[in-house]
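Protein chains: 2
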Amino acid sequence: MPPAPKSGDALFASVDRVNAELFTLTYGAIVRQLLTDLEEVEEVNKQLDQMGYNIGTRLVDEFLAKSNVSRCVDFKETADVIAKLGFKMFLGVTATVTNWDVEGTSCSIVLEDNPLVDFVELPDTCQGLQYCNLLSGVIRGALEMVSMKTEVTWLRDMLRGDDAYEMRVKLIKQVPEEYPYKDDD
Amino acid sequence: MPPAPKSGDALFASVDRVNAELFTLTYGAIVRQLLTDLEEVEEVNKQLDQMGYNIGTRLVDEFLAKSNVSRCVDFKETADVIAKLGFKMFLGVTATVTNWDVEGTSCSIVLEDNPLVDFVELPDTCQGLQYCNLLSGVIRGALEMVSMKTEVTWLRDMLRGDDAYEMRVKLIKQVPEEYPYKDDD
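Protein chains in written order, with the UniProt record's numbering: chain C, 1 to 185; chain P, 1 to 185.
Just chain C, with the same shape it has in the complex (with noise of 0.2 Å):
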């Protein structure tokens, strides 16, 4: 029998850590670079997007080999493993699903605490900048990595005086296969 998942704290005391605001300030650093090299900031959008998904795909890796979380049995199962252990895993924060849809394909994660944007106000000039499109681009690519394609887009951004951070999943295919990752990856 394989082991039982850890505990989202147990997960995040298991891996090697660095500072929040070391991190926040570099997440930061990268932001005002791209918005200082492409003109517009859709593309400074797209560009922190992709740059999530490919970090996405890799840090899939760890959460599989770390978490002792096998295969989940549907979409709902895993939200709720990236919510309540994803997070955790890596930022040291929670987050709850919420606003399922009747079809149980779409669903929000909301973060109350998110240490990406410590600090960060944005200046009038940013106002269509995601901020935190990493985050998104992450869970996409980790998504995509476990055979689910999916959308995910912001709803609430407390740095546009929203009153948290909200992000809505919308899967849009999944690949039905046996082995959702294989043990040499």
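Just so you know, the hints here were simulated from the structure itself, not pulled from any lab data. Treat the hints with caution; some may be incorrect.
Given that identical chains are not distinguished, each listed pair holds provided it fits within a single copy or across any two copies.
[Claimed, not checked] Here are the simulated lysine to aspartate or glutamate pairs, DMTMM-like style, with alpha carbons at most 25 Å apart: (1) Lys66 / Glu39; (2) Lys170 / Asp16; (3) Lys66 / Glu121; (4) Lys66 / Asp118; (5) Lys84 / Asp16; (6) Lys66 / Asp37; (7) Lys173 / Asp162; (8) Lys46 / Glu77; (9) Lys170 / Asp101; (10) Lys173 / Asp113; (11) Lys66 / Asp113; (12) Lys84 / Asp124; (13) Lys66 / Asp16; (14) Lys149 / Glu43; (15) Lys76 / Glu43; (16) Lys6 / Asp16.
Keep in mind it's a predicted model, so treat the numbers as computed, not measured.
Add chain P to chain C, keeping to what the hints say.
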């Protein structure tokens, strides 16, 4: 009497943290982005150093606020504090100070463990890349905020086949001042 400076381990335990792999991959995404956007590797090196400098000027506040380190007597003590407390607080690793010159104004900081470079391999096209220039920039920026103007360069780099990471920190100018920082900073 002010509280005694904390140990590196206590300091690291006292700060918010995120997963080191997420940080490593995020940093890798920056470097890749800069390599795509800027044509010259030398420009990428400069940009990474400048980003690090900006981050260092911010991180020094968190360091002074949390470490209970007040002012360092001289550059030697400062280098020790960076190696033993600074690296621990931000990256969770410790470093060694060595190879002092006779004037006591240049030393090496040697890292055996460097979370910035996990999983990184430099392609042949990037041979001139100073991948860790963010780190040396952070130190330069942080020291400038406590009135020490320095030059920080890499002498050894494991990504280039050396057996450790060694940066040379050279004090260029020290501006004496009664209060290196204010309580309300």
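What hints, given by number in increasing order, does this structure fail?
1, 2, 6, 7, 8, 10, 12 and 15
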